[in-house]
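Position chain B relative to chain A; hints supplied.
There are 2 protein chains.
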Amino acid sequence: MLSNDKLGAERENFLLPLPVSYLNAFEAITRDPNQELTIVEQEQEIVATFQLTFIPYLTYQGSTRAQIEAVRVKSDYRGQGLGTEIFQYAIQRSKDKGAHLLQLTTDKKRPEAKKFYESLGFVDSHEGMKLYL
Amino acid sequence: MLSNDKLGAERENFLLPLPVSYLNAFEAITRDPNQELTIVEQEQEIVATFQLTFIPYLTYQGSTRAQIEAVRVKSDYRGQGLGTEIFQYAIQRSKDKGAHLLQLTTDKKRPEAKKFYESLGFVDSHEGMKLYL
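Protein sequence lines, in the order shown, are assigned to chains A and B.
Each residue of the first sequence is one higher than the last, beginning at 1 in full-length UniProt numbering.
Each residue of the second sequence is one higher than the last, beginning at 1 in full-length UniProt numbering.
Just chain A, with the same shape it has in the complex (with noise of 0.2 Å):
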């Protein structure tokens, strides 16, 4: 799913075996309390992933902030309302953490995207600045 996708595609290698960087960075994920990565199950057919993320910060005096990401729902399962689930879940599951604030950076190549989250109620209040290493 993370490489059937404009841009996914010219990153992503899914060629198996599966290069041991993905495996490495899915143990990473597993180890660490403030990462939750999901999966989402249609009848034994997983249909959709993502990732939330719990930061502590001590602005807004001392406060927790979600953070979701890699976002990906099968190109067959778009449009029935499950990218909507997701969100209610990660909303949900956000409060449940603490967390004040649910953000995202979504590319401006992607404009379909930033239209979703809007219906959501996300505000592009900022700028989702990036520099490769």
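Read the hints as simulated data drawn from the structure, not as lab findings.
Some hints here could point you the wrong way.
[As the list claims (entries may be wrong)] With a straight-line Cα cutoff of 27 Å, these simulated BS3-like cross-link-like pairs (lysine-lysine) come out:
1. B/K74 - B/K115
2. A/K114 - B/K130
3. A/K130 - B/K114
4. A/K109 - B/K130
5. A/K115 - B/K130
6. B/K130 - A/K108
7. B/K114 - A/K115
8. B/K74 - A/K130
9. B/K97 - A/K130
10. B/K108 - A/K108
Then chain B, alone, in the frame of chain A:
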């Protein structure tokens, strides 16, 4: 420093004793090996602070992203290159931790901050979207 800022003034509470929520957040940051809260001192005075977070992801073939947030420089120490030094450190530290990307979000109400980040090579490729819970 967090409150001495046009946005921070509205959302922080710096009366002494500090609300316990700050102390709880400080302990949560200290406990988490993926969080690095740094304080910059000059002649025994705290002049700046910032927080680096390292997040493992499956995307980009399994990778680590570095994220910098809550960058504050004491007002009478601005314009002296301290921000640039902080980012030189943050970039090197992120490379040392194996991150392929350093990311941040900056409030669109701070256009001068965006220009500063652009001067360091950051690209505003993403929208930074927030949902208050």
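Cross-check of the supplied hints:
no., hint, result
1, B/K74 - B/K115, "holds (19 Å)"
2, A/K114 - B/K130, "holds (12 Å)"
3, A/K130 - B/K114, "holds (12 Å)"
4, A/K109 - B/K130, "holds (18 Å)"
5, A/K115 - B/K130, "holds (13 Å)"
6, B/K130 - A/K108, "holds (15 Å)"
7, B/K114 - A/K115, "holds (23 Å)"
8, B/K74 - A/K130, "holds (25 Å)"
9, B/K97 - A/K130, "holds (17 Å)"
10, B/K108 - A/K108, "holds (15 Å)"
Hint violations for this structure: none, all hints satisfied.
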